[in-house]
Amino acid sequence: MTTLDIHQILKLLPHRYPFLLVDRVLSMEKGKRITALKNVTMNEPFFNGHFPHRPVMPGVLMLEAMAQAAALLSFHSLDMVPDDNTVYYFAAIDGARFKRPVEPGDQLTLEVTIDRMKAGISKFTGRALVGTELACEATLMCAMRQIN
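Those letters in the sequence shown? Residues -16 to 131, by the numbering used here.
What the hints contain is simulated information worked out from the structure, not anything from laboratory work.
Take the hints with a grain of salt, since some may be wrong.
Stated by the list, open to error - Derived DSBU-like pairs (lysine-lysine); straight-line CA-CA distance at most 30 Å:
1. K13 - K(-6)
2. K(-6) - K15
3. K(-6) - K106
4. K15 - K82
5. K(-6) - K101
6. K101 - K13
As the list claims (entries may be wrong) - Simulated restraints, written as ranges between beta carbons of each label pair:
7. R37 - A102: 40 to 46 Å
8. N31 - R99: 37 to 43 Å
9. F2 - A126: 16 to 22 Å
The structure displayed is predicted, hence computed values, not measured ones.
A virtual CB, placed ideally from N, CA and C, is assigned to each residue, including glycine.
Please construct the entire structure, taking both the sequences and the accompanying hints into account.
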(Lines of atoms letter the chains of each structure in order from A and count residues from 1; the text may use other names and numbers.)
(Lines give C-alpha, C1' and ligand atoms only; values in the text may rest on other atoms or scores of the structure.)
Protein backbone atom coordinates (compact mmCIF):
# COMPACT_ATOMS: atom_id res chain seq x y z
CA MET A 1 0.00 0.00 0.00
CA THR A 2 1.21 3.47 -0.87
CA THR A 3 0.96 6.45 1.49
CA LEU A 4 1.61 10.13 0.74
CA ASP A 5 2.40 13.03 3.05
CA ILE A 6 1.55 16.66 2.28
CA HIS A 7 4.89 17.27 0.52
CA GLN A 8 4.27 14.39 -1.90
CA ILE A 9 0.67 15.54 -2.46
CA LEU A 10 1.88 19.05 -3.35
CA LYS A 11 4.10 17.55 -6.07
CA LEU A 12 1.10 15.81 -7.67
CA LEU A 13 -1.83 18.22 -7.31
CA PRO A 14 -1.81 21.78 -8.67
CA HIS A 15 -4.18 22.98 -5.92
CA ARG A 16 -2.91 25.30 -3.21
CA TYR A 17 -4.37 27.04 -0.16
CA PRO A 18 -7.24 27.58 0.25
CA PHE A 19 -8.28 24.94 -2.29
CA LEU A 20 -6.01 21.99 -1.50
CA LEU A 21 -8.41 19.64 0.30
CA VAL A 22 -6.30 16.50 0.88
CA ASP A 23 -3.85 16.54 3.79
CA ARG A 24 -2.59 12.94 3.77
CA VAL A 25 -3.05 9.66 1.93
CA LEU A 26 -3.35 6.75 4.35
CA SER A 27 -3.41 4.03 1.71
CA MET A 28 -3.61 3.69 -2.03
CA GLU A 29 -3.94 0.53 -4.08
CA LYS A 30 -3.06 0.96 -7.74
CA GLY A 31 -6.12 0.66 -10.00
CA LYS A 32 -8.45 0.11 -7.05
CA ARG A 33 -8.83 2.49 -4.10
CA ILE A 34 -7.52 5.35 -2.00
CA THR A 35 -8.13 6.43 1.59
CA ALA A 36 -7.14 10.01 2.36
CA LEU A 37 -7.68 12.62 5.09
CA LYS A 38 -8.88 16.21 5.18
CA ASN A 39 -8.50 17.88 8.58
CA VAL A 40 -11.25 20.46 8.96
CA THR A 41 -10.26 23.44 11.11
CA MET A 42 -11.95 26.66 12.14
CA ASN A 43 -9.29 28.48 10.10
CA GLU A 44 -10.88 27.37 6.79
CA PRO A 45 -11.78 30.55 4.88
CA PHE A 46 -15.25 29.31 3.88
CA PHE A 47 -16.41 29.20 7.51
CA ASN A 48 -16.56 33.02 7.62
CA GLY A 49 -19.68 32.93 5.49
CA HIS A 50 -20.92 29.31 5.72
CA PHE A 51 -22.32 29.91 8.33
CA PRO A 52 -21.10 32.54 10.80
CA HIS A 53 -23.49 31.31 13.53
CA ARG A 54 -22.95 27.58 12.85
CA PRO A 55 -19.87 26.71 10.71
CA VAL A 56 -20.53 23.85 8.25
CA MET A 57 -18.23 22.65 5.44
CA PRO A 58 -19.97 23.20 2.09
CA GLY A 59 -21.05 19.97 0.39
CA VAL A 60 -19.45 20.97 -2.89
CA LEU A 61 -16.08 21.12 -1.12
CA MET A 62 -16.55 17.58 0.19
CA LEU A 63 -17.13 16.52 -3.44
CA GLU A 64 -14.03 18.47 -4.49
CA ALA A 65 -11.97 16.74 -1.77
CA MET A 66 -13.11 13.35 -3.12
CA ALA A 67 -12.18 14.46 -6.66
CA GLN A 68 -8.71 15.49 -5.51
CA ALA A 69 -8.26 12.07 -3.89
CA ALA A 70 -9.50 10.48 -7.14
CA ALA A 71 -6.88 12.45 -9.10
CA LEU A 72 -4.12 11.15 -6.80
CA LEU A 73 -5.41 7.61 -7.31
CA SER A 74 -5.50 8.07 -11.09
CA PHE A 75 -1.94 9.38 -11.26
CA HIS A 76 -0.73 6.48 -9.10
CA SER A 77 -2.68 3.92 -11.14
CA LEU A 78 -1.21 5.27 -14.39
CA ASP A 79 2.33 5.54 -12.95
CA MET A 80 2.46 9.20 -13.88
CA VAL A 81 3.52 12.47 -12.35
CA PRO A 82 1.43 15.22 -13.94
CA ASP A 83 3.17 18.24 -15.43
CA ASP A 84 1.97 21.83 -15.71
CA ASN A 85 0.07 20.93 -18.90
CA THR A 86 -2.01 18.21 -17.24
CA VAL A 87 -5.39 19.12 -15.78
CA TYR A 88 -7.92 16.88 -14.11
CA TYR A 89 -11.50 18.11 -14.58
CA PHE A 90 -14.83 17.11 -13.11
CA ALA A 91 -16.95 15.61 -15.92
CA ALA A 92 -20.00 14.56 -13.88
CA ILE A 93 -21.34 14.09 -10.38
CA ASP A 94 -24.20 11.65 -9.87
CA GLY A 95 -26.14 10.52 -6.83
CA ALA A 96 -24.60 13.03 -4.44
CA ARG A 97 -26.07 12.64 -0.97
CA PHE A 98 -25.17 14.60 2.16
CA LYS A 99 -25.89 12.71 5.36
CA ARG A 100 -24.13 14.60 8.13
CA PRO A 101 -22.80 18.15 8.60
CA VAL A 102 -19.02 18.49 8.74
CA GLU A 103 -17.85 21.02 11.31
CA PRO A 104 -14.56 22.49 12.56
CA GLY A 105 -12.57 19.86 14.44
CA ASP A 106 -13.84 16.99 12.28
CA GLN A 107 -11.47 14.79 10.34
CA LEU A 108 -12.92 13.83 6.98
CA THR A 109 -11.87 10.40 5.72
CA LEU A 110 -12.12 10.21 1.94
CA GLU A 111 -12.66 6.74 0.45
CA VAL A 112 -12.62 6.58 -3.34
CA THR A 113 -12.67 3.49 -5.57
CA ILE A 114 -12.16 3.27 -9.32
CA ASP A 115 -15.14 1.89 -11.20
CA ARG A 116 -13.72 2.41 -14.71
CA MET A 117 -10.76 4.07 -16.48
CA LYS A 118 -10.77 4.49 -20.24
CA ALA A 119 -9.39 7.05 -22.71
CA GLY A 120 -8.60 9.63 -20.05
CA ILE A 121 -12.05 9.49 -18.47
CA SER A 122 -12.50 7.78 -15.13
CA LYS A 123 -15.53 6.92 -13.02
CA PHE A 124 -15.27 6.66 -9.24
CA THR A 125 -17.41 5.86 -6.24
CA GLY A 126 -16.62 8.20 -3.35
CA ARG A 127 -17.54 8.44 0.30
CA ALA A 128 -16.56 10.98 2.94
CA LEU A 129 -16.84 9.94 6.57
CA VAL A 130 -16.37 11.51 9.98
CA GLY A 131 -15.33 8.61 12.17
CA THR A 132 -17.73 5.86 11.13
CA GLU A 133 -20.53 8.26 10.14
CA LEU A 134 -21.20 8.84 6.45
CA ALA A 135 -21.09 12.56 5.65
CA CYS A 136 -21.27 12.46 1.84
CA GLU A 137 -21.37 9.98 -1.02
CA ALA A 138 -21.40 10.34 -4.80
CA THR A 139 -20.38 8.86 -8.12
CA LEU A 140 -17.75 11.04 -9.79
CA MET A 141 -16.51 11.21 -13.37
CA CYS A 142 -13.27 12.99 -14.10
CA ALA A 143 -11.36 13.70 -17.30
CA MET A 144 -7.60 14.10 -17.63
CA ARG A 145 -6.63 16.53 -20.36
CA GLN A 146 -3.50 18.14 -21.74
CA ILE A 147 -3.53 21.91 -22.17
CA ASN A 148 -1.06 24.16 -23.96
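> Which of the listed hints are not met by the structure?
Replying inline: none
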